[in-house]
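Numbering-wise (the UniProt record's numbering), the sequence shown opens with residue 1 and increments by one.
Hints may contain errors.
Here are the simulated lysine to aspartate or glutamate pairs, EDC-like style, with alpha carbons at most 16 Å apart [claimed, not checked]:
| # | residue 1 | residue 2 |
| --- | --- | --- |
| 1 | Lys-11 | Asp-42 |
| 2 | Lys-185 | Glu-226 |
| 3 | Lys-185 | Glu-163 |
| 4 | Lys-140 | Glu-226 |
| 5 | Lys-140 | Glu-191 |
| 6 | Lys-11 | Asp-92 |
| 7 | Lys-185 | Glu-160 |
Here are the in silico distance ranges between beta carbons for each label pair [what the hints assert, rightly or not]:
| # | residue 1 | residue 2 | range |
| --- | --- | --- | --- |
| 8 | Ala-212 | Arg-60 | 18 to 26 Å |
| 9 | Arg-188 | Ala-212 | 31 to 39 Å |
| 10 | Asp-31 | Arg-188 | 22 to 30 Å |
| 11 | Arg-133 | Gln-166 | 24 to 32 Å |
| 12 | Asp-31 | Glu-226 | 33 to 41 Å |
| 13 | Asp-137 | Leu-209 | 20 to 28 Å |
| 14 | Ala-219 | Glu-95 | 31 to 39 Å |
| 15 | Gly-80 | Ala-223 | 37 to 45 Å |
| 16 | Leu-77 | Lys-185 | 23 to 31 Å |
| 17 | Arg-188 | Thr-121 | 23 to 31 Å |
Derived from the structure by calculation, the hints contain no laboratory data. From the three backbone atoms N, C-alpha and C, an ideal C-beta is built for every residue, glycine too.
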Amino acid sequence: MTDTAVIVPAKDEAERIGATVAAALELPGVDLVVVVDDGSADQTGRIARAAGARVVRHSRNRGKATAMESGAEAVRLLDGPVPRHLLFLDADLGETARAASALVEPVRAGEADMTIAVFATRVKLGGHGLVVRLSRDGIKRACGFSATQPLNGQRCLTREAFEAAQPLAHGFGVETGLTIDLVRKGFRVVEVEVEMAHRATGNDWHAQLHRARQLRDVARALAVREPVIRDNLAKLRP
1 MTDTAVIVPA KDEAERIGAT VAAALELPGV DLVVVVDDGS ADQTGRIARA
51 AGARVVRHSR NRGKATAMES GAEAVRLLDG PVPRHLLFLD ADLGETARAA
101 SALVEPVRAG EADMTIAVFA TRVKLGGHGL VVRLSRDGIK RACGFSATQP
151 LNGQRCLTRE AFEAAQPLAH GFGVETGLTI DLVRKGFRVV EVEVEMAHRA
201 TGNDWHAQLH RARQLRDVAR ALAVREPVIR DNLAKLRP
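Using the sequences provided together with the hints, build the complete structure.
The following block contains the structure:
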C-alpha cells in the first residue's frame, strides 16, 4: 500500500540530497518524494531530480515553513481521493533517512496524528542549547507537552493535521508552532526514537547566523501563542 509522500525542504544541499532522496524512496508505502529547492545556489534541484524526486523550486530563499507549504501543496495536487500522509525530512540526513519508516507507522496505524523524531544518537550541535531550551520550555508552558527534541524537523502528519496547523509559524519556528497548535487542537502527538543523524554543525559565522535566525523565529512563534506575551505585544501596537 502506497499512502505516504516525503517532503524535503532543501537549500544548498547538493552534497547529501541525492542520498537522502534515494533512501526516502526505499521507505515502505512511499511513492512520492518532493524536494523543495528553496533558492539554492548549487545543484541541489538537479541532483534531487536525478535521484528520483519531484522538484519544486523557489527562485529565492523563502524559509523552511514556506518550503514545507509548497511541498504539501505539490503533494495535494498529485493526491488521489485519499490524501497521502506527509513525512517531512531534512535534506542532510543522507542514508539515515531509511530509518524514517518508524515515524510513519504510528500515523498509518491510526495511533498518532503527528509523530516527532527523537534521534537515538545525538550529534553535537554547537550552540543549539539555548534555542532548544527556549522551544522546549515554551511548548510546555503553552500546551503542556514535554518535547524531547522540540526542533526536530523529522515529522509525519496526516493531511488533516497539517491543514489544521495552518498558517505555519514562520521560518525555523515551524516545529515549535506545529507542536503547540496541534496539541491545543486535540491532535495526538507522539515522539518516536529513530536511528537518524544530521550533518554536524560547526561554530563558524554561518552556523552562528543560522542559530540566531532559529532563536528569532522560535521566539516569534512562541510570542503569538503565549497569552501573556501576545497580550503585552498587543498593548504596544498603536
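Quick rundown of the hints versus the structure:
1. Lys-11 with Asp-42: holds (8 Å)
2. Lys-185 with Glu-226: holds (15 Å)
3. Lys-185 with Glu-163: Satisfied, since the Cα-Cα distance of roughly 12 Å is no more than 16 Å.
4. Lys-140 with Glu-226: holds (11 Å)
5. Lys-140 with Glu-191: The given pair, whose Cα atoms are some 15 Å apart, holds under the 16 Å limit.
6. Lys-11 with Asp-92: With Cα atoms ~10 Å apart, Lys-11 and Asp-92 stay inside 16 Å; holds.
7. Lys-185 with Glu-160: holds (12 Å)
8. Ala-212 with Arg-60: 18 to 26 Å: holds (20 Å)
9. Arg-188 with Ala-212: 31 to 39 Å: Taking Cβ atoms as reference, Arg-188 and Ala-212 lie about 34 Å apart, which means the hint holds.
10. Asp-31 with Arg-188: 22 to 30 Å: The hinted range 22 to 30 Å holds for Asp-31 and Arg-188, with Cβ atoms some 25 Å apart.
11. Arg-133 with Gln-166: 24 to 32 Å: holds (27 Å)
12. Asp-31 with Glu-226: 33 to 41 Å: Since Asp-31 and Glu-226 have Cβ atoms about 40 Å apart, the given range 33 to 41 Å holds.
13. Asp-137 with Leu-209: 20 to 28 Å: holds (24 Å)
14. Ala-219 with Glu-95: 31 to 39 Å: Hint holds: Cβ distance 34 Å, inside 31 to 39 Å.
15. Gly-80 with Ala-223: 37 to 45 Å: holds (39 Å)
16. Leu-77 with Lys-185: 23 to 31 Å: The hinted range 23 to 31 Å holds for Leu-77 and Lys-185, with Cβ atoms some 25 Å apart.
17. Arg-188 with Thr-121: 23 to 31 Å: holds (26 Å)
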